[in-house]
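Turn these sequences into a full structure, and let the hints steer you where they fit.
These protein sequence lines are chains A and B, in that order.
Here the first sequence stands for residues 1 to 1217, where the numbers follow the UniProt record's numbering.
Here the second sequence stands for residues 1 to 290, where the numbers follow the UniProt record's numbering.
FYI, nobody ran anything at the bench for these hints, they're computed from the structure.
A couple of the hints might just be wrong.
Per the computed footprint, the stretches of chain A lying under chain B, defined by three or more beta-carbons under 8 Å from a beta-carbon of chain B, are [stated by the list, open to error]:
{"no.": "1", "segment": "419–429"}
{"no.": "2", "segment": "930–942"}
{"no.": "3", "segment": "945–951"}
{"no.": "4", "segment": "958–967"}
Calculated pairs, DSSO-like style, for lysine-lysine (alpha carbon to alpha carbon, straight line, at most 27 Å) [said to hold, decoys possible]:
{"no.": "5", "chain 1": "A", "residue 1": "K1047", "chain 2": "B", "residue 2": "K253"}
{"no.": "6", "chain 1": "A", "residue 1": "K448", "chain 2": "B", "residue 2": "K155"}
{"no.": "7", "chain 1": "B", "residue 1": "K253", "chain 2": "A", "residue 2": "K1011"}
{"no.": "8", "chain 1": "B", "residue 1": "K253", "chain 2": "B", "residue 2": "K233"}
{"no.": "9", "chain 1": "B", "residue 1": "K199", "chain 2": "A", "residue 2": "K447"}
{"no.": "10", "chain 1": "A", "residue 1": "K519", "chain 2": "B", "residue 2": "K199"}
{"no.": "11", "chain 1": "A", "residue 1": "K20", "chain 2": "A", "residue 2": "K8"}
{"no.": "12", "chain 1": "A", "residue 1": "K448", "chain 2": "B", "residue 2": "K199"}
{"no.": "13", "chain 1": "A", "residue 1": "K447", "chain 2": "A", "residue 2": "K412"}
{"no.": "14", "chain 1": "A", "residue 1": "K447", "chain 2": "A", "residue 2": "K552"}
{"no.": "15", "chain 1": "A", "residue 1": "K168", "chain 2": "A", "residue 2": "K197"}
{"no.": "16", "chain 1": "B", "residue 1": "K253", "chain 2": "A", "residue 2": "K950"}
{"no.": "17", "chain 1": "B", "residue 1": "K253", "chain 2": "A", "residue 2": "K1007"}
{"no.": "18", "chain 1": "A", "residue 1": "K447", "chain 2": "B", "residue 2": "K155"}
Negatives, chain A to chain B, calculated, CB over 10 Å [unchecked claim]:
{"no.": "19", "residue": "Q157"}
{"no.": "20", "residue": "T516"}
{"no.": "21", "residue": "T591"}
{"no.": "22", "residue": "M908"}
{"no.": "23", "residue": "P909"}
{"no.": "24", "residue": "L975"}
{"no.": "25", "residue": "W981"}
{"no.": "26", "residue": "K1007"}
{"no.": "27", "residue": "K1011"}
Bear in mind the structure is a predicted one, so any value in this text is a computation, not a measurement.
Glycine is no exception: its CB is placed at the ideal position from the N, C-alpha and C atoms.
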Amino acid sequence: MLTKFETKSNRVKGLSFHTKRPWILASLHSGVIQLWDYRMGTLIDRFDEHDGPVRGVHFHMSQPLFVSGGDDYKIKVWNYKLHRCLFTLLGHLDYIRTVQFHHEHPWIVSASDDQTIRVWNWQSRTCISVLTGHNHYVMCASFHPKDDLVVSASLDQTVRVWDIGSLKKKTASPSDDILRLSQMNTDLFGGVDAVVKYVLEGHDRGVNWAAFHPTLPLIVSGADDRQVKLWRTNDTKAWEVDTLRGHTNNVSCVMFLAKQDIIVSNSEDKSIRVWDGTKRTGLQTFRREHDRFWILAAHPEMNLLAAGHDSGMIVFKLEKERPAFAVSGDSLFYAKDRFLRYYEFSTQKEVQLIPIRRPGSTSLNQSPRTLSYSPTENAVLICSDVDGGTYELYVMPKDSSGRGDSLQEAKKGPGSSAIFVARNRFAVLDKGNNQVLIKNLKNEVVKKSGLPVPADAIFYAGTGNLLCRSEDRVVLFDLQQRLVLGDLQTPFVKYVVWSNDMESVALLSKHTIVITNKKLVHQCTFHETIRVKSGAWDDNGIFIYTTLNHIKYCLPNGDSGIIRTLDVPIYITKVSGNTIFSLDRDGKNKTIVIDATEYIFKLSLLRKRFDHVMSMIRNSQLCGEAMIAYLQQKGFPEVALHFVKDEKTRFNLALESGNIQIAVASAKEIDDKDHWYRLGVEALRQGNAGIVEYAYQRTKNFERLSFLYLINGNLEKLSKMLKIAEVKNDVMGQFHNALYLGDIQERVKILENAGHLPLAYIAASVHGLKDVAERLAAELGDDVPPLPEGKEPSLLMPPAPVMCGGDWPLLRVVKGIFDGGLDSIGRDAVDEEEGAEGDWGEDLDMVDVDGLQNGDVTAILEDGDVAEENEEEGGWDLDDLELPSEAETPRISVNAHSSVFVVPTPGMPVSQIWIQRSSLAADHAAAGNFETSMRLLNRQLGIRNFTPLKSMFLDLHTGSHSYLRAFSSAPVVSLAVERGWSESASPNVRGPPALVFNFSQLDEKLKAGYKATTAGKFTEALRLFLNILHTIPLIVVESRREVDEVKELIIIAKEYVLGLQMELKRREMKENLVRQQELAAYFTHCNLQLPHLRLALLNAMTVCYKAKNLATAANFARRLLETNPTNESHAKTARQVLQAAERNMTDASQLNYDFRNPFVTCGATYVPIYRGQKDVSCPYCTTRFVQSQEGQLCAVCDLAVVGADASGLLCSPSQIR
Amino acid sequence: MAAAPDHLFNLRNNFYLGSYQAAINNSDLPNLSPDDAVERDCLVYRSYIALGSYQLVINEIDSSAPTPLQAVKLLALYLSNPHDKESTISSLKEWLADPAIGNNAILRLIAGIIFMHEEDYNEALKHTNAGGTMELHALNVQIFIKMHRSDYAEKQLRVMQQVDEDHTLTQLANAWFNLAVGGSKIQEAYLIFQDFSEKYPMTGLILNGKAVCCMHMGNFDEAETLLLEALNKDAKDPETLANLVVCSLHLGKSSSRYLSQLKLTHPEHILVKRASSAEDSFERAVQSVA
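Next up, the structure:
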C-alpha cells in the first residue's frame, strides 16, 4: 500500500472523492463533515450542521454540491463554494446510512434504518420514490453507473436489486413532481415505479455493503458473516458465483476495481483485503493495529482509494503508476502492459517491440520499476519488485519490426537495481553483501566490486561509473578504479536524470531536486511542497521537471518557476525546444508544447546574452510585475526599465541602474519634491552638476543650490542667488550667499538692514571698511562693541574653481546595455570602482607586487623542500629494491615451466592469401607481388611497357595496409585492408584487398577529360584520357555489367586519345597544309561526344575552307549542320561555307581522305585504313594499326604490343567464377 | 574482492591510450607504496620514451635504480641508437640470463619489445609467453598478430579477459585482435575505440584506432576526418601520417605531402620501408618480365 495522505480524527463513516480536484470529503461520527485537500494535506473546510453521526456523504459529479445523511434523519445538500447547506430533505424515519447522487439525473438515493430506500429529486427537493421490501435496516444503496438499477444491502441478510426504469419516464416532465407526490403516497406500500428485480440470498448474517461492477453484470457484497460474496445477474435471474473468505470480523465495505481486475474489501477486523477478481484469491492484506475499518471509497478517475477507520482515514494507492522507461537519443523505451514498446521522438511513432514477462498475479506491484537500455547491444534490463527485487535482461532482435508475440526467455537474476554501465556490461546491486556484480550479456558474473557505502539502489553515471544511493547521500563510484569520485548529502534520492552532455545531473527526491555537476559537486537545491515526479534536461542546460500538478523549470543559478499547471501527473521523458515529451500513467506518449520564453529569457540574462534578451524584449509579451521584480532582484534594473510604463517604478529603476536621462524624464512626469530630491542625490553622486542644478531648481532648494554653485565655482549664479534671496526677503540666505561670495559690503549691509548693528560694525571694521564702520560707530554711539583682540582678521574668499560650470567628470554608469555597447555588467562595475578610486591604484599595485614576491620566495623554498624529500625517497627505494625481486623468485618455476612452450610458426600474411586466392592483376599488385601481376597483364592484355603503370602499382601496394600503433614503443602493426566489407562478414575469412582505384573515380576522370576537351585544353585532356587507359588494367569491378562498362570506357578513352594525339600533331605541322587537313578530317571520324564532334567538324571545315578545299569543307559543313548545332554562329558559318562551296565545288589540293568510304585511322601513322584493308590491332585498347606496326608498342595506350596474343581484359571476380 | 583503490589507474590508462604527456604531468601521486612508486617511474619513463625523449631517460636513470627502471633505460638506449643495437641486445641477454633479475616482468616486457623490433619473434616469445602481467599478455597478443597467428592471439586474449575483462589493455588488445581477424569483428573494434573516446580524453591513438576501423569498413571519408583531427593533435605522429597516406589514396586525393612528411620525420616507418622496397621489386619485376 502506498499511503498518500492520512488524517487523525473521530471515526470516519463516510468518504467521497471529488472528480476533478484533489479533494476528499470525510463524514465523521461526531457529526462533522471535513473537506480535505489530500495532495497538499490541508483541511479546506468543515461543515458542522448535522446532529449526531454522519454516515453517508457524496460529491456531485459536476456541480459544486455534495450530499450528506446522518443519524438526525436528515439529508442535507451543500454547496461547497458557498460554504453552506442549501436545503434539507426530510422523510426518513430513522438513521440514514448512505446517500448518493445519480450520475445523470437530479436524483439522490438514500438508505435508512427505517427499512426503506428513497429516491429524491434534488432540484424539486422532493422524494420521488420510496423503495420498500427490506425488513431490516438498509445498510447501503447505490445507483448502477449506467443502467436504471439500484443495489441495496440490508441486515435482513439479503441484497436486492431494484429496477427504477419507470422512474425515469415519470420524471420526463419536472412539472409533474407535485402531482407525483400525491401519487407517491398511494404507492407508498407496493408502489409500481420501482420494483425489486432480484433478491440475492446467501449471506448468513446482515449484509453491510453491496456494489455493482462498473461494466460486467456482477455484484459484490460484504456481510457480518465475514464473507464477501460475488453475484452474477442476467436478464431474468441472479445467482451466487463465489465466496471470498478471509476476513475475521464483519465486512463493512467492498467494491470492484475494474481497471486492475481486483476486489477490495475492508472489515472491522482492522484489515483491508485485496482479492483477484478472476481467480478470486486473496492478493494482499493491509492491517492496522487498533482501528476497525468502516468505509471505502474509490476515486472516479484515478487509481486512488480511501478508507475510513476508527481514528481517521487514509488515502492510498495499491500500485505504483509510474511507467518504467529509458531514453536513448531519439528513442524512448518503455514498458506498457505486457510489452516493451519503442517510441521515436522525432517522428512520434510507436512500435511494440517484444513481449515481456507476464506479471504473476500473486501480489501487486510487480510491474517493471526501472528500465535500462544499452544502445550498442540493443538490450534492455527491466527491474521489478518480484521476489524481493529481480531483474530481467532482454536482447531485442535486430529488425525491430518483427514483433514476435512469442515470449522471449529472459535472463533473470535477483537484485533490486540493475543498469547497463558499459557495452556488454551491466551492474547488479547485491544488497545483502553490499556489492555490485558486473555481468555480461550472457548473465555471467565478470567482476564483483564492494561498495563504499551501504547502498540500496544504483543509478547510471556514465560509462563505468555508478551512483550509489543510501539513505541520506549519494556516492559517485568508479567501478574500475574502485574509487569514490564524489559524495553528496541529499535527501533520499528516487530518480536520477543526466543532462544530454552528461555534464550535469539532477537528483530527484520526494520533495527536493538537487542539481550537481558530473563530479557530484552541488550546484543548487530546489524544494517543493508537493511531490516531484519526473524531469528532463533541455538543450540549453535548463532542467524541466514535473510535480503532481505543475511543469516547472530550474535554471543553473538556482532560479525556478512554473511553466504551466497539469491536470494529471505526467512523466517527462524528453524536452526538445519548447516541446515536452511525456508518458502518462497509462503509458501513453504525450507531447506538450510550452511557452519557453520566460526561462529562455532568464537564461539569456544569466548568461549575459544581451542580444537575445533584447530581441526577446522586442518580440514577446514578457512584462509583468513578477518579471520586473525578478530583474530588479537579479541586479538587472536597466533591463527592467524596458518593461515598465509606470513612471514611479521607472524612476526608481532608472536611479538604481544609474540611467540619469530616463530618471530626469520620469521626474519631469512625476514632478514631486521627493523625486526631484532623489534625482539630485543620484546626479550629485554621478557628478552631473547640470542635472543636480536642475533638480534643485525644480524643488526650489535654494540653500543647496547656493552651495552647489559655491563648490562649482559658479560665482555668477551665486550672486544671482544672492539677489533671489534678497527678493524673497530671506535674510539668512542672503547672508550665506554673501559669505560664500566673500562680498563684505553686502554682508555688512545685510547685517545692518537686519538690525544687527554691532555685528555689522565689527564686520566692517575688521575687514577695513572704515567709512561704513565710522558711520555705524556713530549710529551705535556708546554701544560700540570692542573689537576682538589678538586675532588676525581675514576675509573668507571662495577659492578659484579648477574648472568652472559644466559637469564634473562623470562616473561611468551602466549606460543601457541596450542603447550602446553590450558590455557585461561585471566590467561596468569594475569601471565604476576605478573611476572612484583612481588614486588608489598605484598603492594597491605595490602591495600586490610585494605579495607576489613573497609568494615566489616561498614557492621556491617549497620547491627546494620537495626536491630534498624526493631525494630521500629515492634513498628508500634503494633499500626496498631487494624485496620485489625476492618476491618474484618463486615465479622462476613458472618460467621453467614455460620452457616447454613451443613458439608457433608464423602464420601466412594476408597478402600471401590474396596472392593465392586471386588471379586479378590488381590484387597481386596490392599484395606487392608485382611480378605475377605483370605476367598476368602481359598474358591478358599483351602489356609489355609497365613504366607508365609504376605509380599505380605502388599506390595499390601502399593503400593495401593500414597502421595501428598497438603497444607503446613496440613496432607498429600493419593491417591488411579488405574490400567489400559488410557487417555480416565472418571474421578470419580473408576478403580481397581494398584497392585505391575504383570505377567511379574513372568516371569522374572521364568527365574531367570531356570538360578539358570542350575547353580546348587538349594536353590536359590527353593526360586524363591516358590516365584512364593506364588505370583500367588495375581496376576491379564486381559485376559482369560493370565489366562491360569498363570495356566501353577503354574504347571511349582510346578514341579520344587517338583523336587528341592527331589534333596535337596537326598543330605541330604548321607548314604541311595537306597533312593538316587530313589530320583534321580524321579527327572528325573518331567516336566523340556530340559537342566535341561539332567542334572537330567546325575545325576541319575551317582548315579545309582556308586551304581552298571547298568541296571537302562543304562536306564537313553538311555534317556539322546534320548535328543541329546549338551554337547559332557555328550553324551560320557552316551555311555560309556551304553556299560558297556550291558556287565552286572543287578542291584545291588532293587529300588522302575519302569520306564516302568507311575507315579507321592507324594509331601510329595516322593514315586511314579503309574497310577491307589488312590491319593489326592493340590487344588492350583495340586501336587499329597498319600492318607494318606489328610488334611495336601501341602508340595510343603506350602499354601493349601491337598484334600480340592476349586473352582479354580480366577485371572482375565474376569473370572467373 | 573489495581491493584497495588503484592509485596508478589513471596513469596506466593515460599511458596505454597514448596520452603520454598527461601521464607524465599527472604522475605526482602521493602515498604510493614502494612497488607502486617503481611502477609509476617505469610508466613515466616509458612515456618519455614514447615521446622520443630517449636521452632524458638515459640520463635520469642511474646505475643504482631498480631493475625495472634499468630495463626501461635499456629500451631507451636501444631506440636512441639504431646503429649500436648489438651492445644493448647483448646486455639485455646477459640480464635475462641472470636468475635473480631475469624473471622481472618489466625486463621481460622490454625484452619482448626489443626482440620484436628485431623481428625475432621466437626470442621475444621466449621471454614473454609466460605472461604474468597484463602488459605481457597484451604484448603477446601483438606478437601473435604480427606473426599472423590470430589463433594464438585469441588464446592470450582469453587469458586477459579472464583476469580482468574491463581492463584498458584487455579492451585494447581485443580491438587489435578484432582488427587483425577482420570481418564483422571490425565493428566491435570500432565500438571499443568509441567507448574509449567517450570515457577518456581523445588521443591520437584512439583517433587512429577509430580511423583504421573506418578504413577497414570502407568508410574512408570518416576515416579522413578522424585522421585530420589526430593530425591537429600531433602533426608529426607517424601512424597518423601513414594512415593519412593510405586514406588519401583511397579517396583519390594526393598523398604526396603526407608521404614526404613521413619520410622526413620517420624514415624508418614501415610504410616508408614498404614503399621503397616496393619500388625495388617493381624494377626487378619489370626486368624479369621484359
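Status of each hint after checking the structure:
no. : hint             : result
1   : 419–429          : holds (count 3)
2   : 930–942          : holds (count 6)
3   : 945–951          : holds (count 3)
4   : 958–967          : holds (count 9)
5   : A:K1047 x B:K253 : holds (25 Å)
6   : A:K448 x B:K155  : holds (24 Å)
7   : B:K253 x A:K1011 : holds (20 Å)
8   : B:K253 x B:K233  : holds (22 Å)
9   : B:K199 x A:K447  : holds (19 Å)
10  : A:K519 x B:K199  : holds (14 Å)
11  : A:K20 x A:K8     : holds (24 Å)
12  : A:K448 x B:K199  : holds (21 Å)
13  : A:K447 x A:K412  : holds (17 Å)
14  : A:K447 x A:K552  : violated (41 Å)
15  : A:K168 x A:K197  : holds (16 Å)
16  : B:K253 x A:K950  : holds (18 Å)
17  : B:K253 x A:K1007 : holds (17 Å)
18  : A:K447 x B:K155  : holds (20 Å)
19  : Q157             : holds (66 Å)
20  : T516             : holds (20 Å)
21  : T591             : holds (30 Å)
22  : M908             : violated (6 Å)
23  : P909             : violated (5 Å)
24  : L975             : violated (5 Å)
25  : W981             : violated (5 Å)
26  : K1007            : holds (13 Å)
27  : K1011            : holds (17 Å)
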